[in-house]
Amino acid sequence: MTEKKTYAIIAVGGKQYRVREGERLLVDRIAHDEGKTFHPDILLLGGDGDPKLGDKLKGQQVTAKVAAHVLGKKVIVGKHKRRTGYRRRNGHRSRLTQIEIQSIGTNAAKATRERSPSSTARPKDEAGAAKKSTTTKKEKAD
1 MTEKKTYAII AVGGKQYRVR EGERLLVDRI AHDEGKTFHP DILLLGGDGD
51 PKLGDKLKGQ QVTAKVAAHV LGKKVIVGKH KRRTGYRRRN GHRSRLTQIE
101 IQSIGTNAAK ATRERSPSST ARPKDEAGAA KKSTTTKKEK AD
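Here my numbering is used: the first residue of the sequence shown is 1, the next is one more, and so on.
Calculated directly from the structure, the hints in this document are not laboratory data.
Keep in mind that the hints are not guaranteed to be accurate.
What the hints assert, rightly or not - Quick list of simulated restraints, FRET-style, between CB atoms:
#1 GLY59 <-> ARG29: 26 to 32 Å
#2 LEU44 <-> ARG83: 49 to 55 Å
#3 ARG87 <-> ASP50: 22 to 28 Å
#4 GLY59 <-> GLN16: 18 to 24 Å
#5 LYS81 <-> GLU23: 41 to 47 Å
#6 ARG20 <-> VAL77: 31 to 37 Å
All C-beta atoms, glycine included, are put in the ideal place defined by N, C-alpha and C.
Go ahead and model the full structure; you've got the sequences and the hints to work with.
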C-alpha cells in the first residue's frame, strides 16, 4: 500500500491544521450538521514538489465531513489563597466537532460534483404557478 504524500493546511474556526486524506481530527464546534460535508479554507497545498500558495490554489479544495459533535475532556480549574479560607473549584468541557478529511486537491471538486445531483434542474414552484414579476413605482403610476 502506497502512502499519499499530499497534505494541506486548512483554517477551521480561526485555527490552522495540517491534514491528509482519511485523517480525523477534533476542531472547535462548527455550525454544520452531522454527516454533512463542507469545504474549509485552504491555505497551502504540499507534498509533491513545491508547495502551492496564494493564486496557485485556484481550483484546489479540501472536502471534509462532519463525523460527530462531541464534548472534550473535563478541565478542572481551582483557585486558592493561603491563610484566608478562599477556595474555588470550577470546571468545563469544550464543545468540539470531529471531522474527517475525504479528499484534497483538484479531484475534490470533481468528486463532490459526481456525488451531488445536478443543480441545473430548476425546482418547480408550488402547484406549477408562474413566478410573480416585480413592478417599479414608475410602472404603477402609469
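Structure-based check of each hint:
One distance hint, 26 to 32 Å for the beta-carbon pair GLY59 and ARG29, holds here, with the actual separation near 30 Å. Distance hint check: the CB atoms of LEU44 and ARG83 are about 54 Å apart, consistent with the given range 49 to 55 Å. Between ARG87 and ASP50 the C-beta distance comes to about 57 Å, which lies outside the given range of 22 to 28 Å. The given range of 18 to 24 Å is respected by GLY59 and GLN16, whose C-beta atoms sit roughly 21 Å from each other.
Take LYS81 and GLU23: their Cβ atoms lie about 45 Å apart, and the range 41 to 47 Å holds. Separation of ARG20 from VAL77 is about 35 Å and conforms to the stated range, judged on CB atoms against 31 to 37 Å.
Comparing the model with each numbered hint stated earlier shows that hint 3 is the single one that does not hold.
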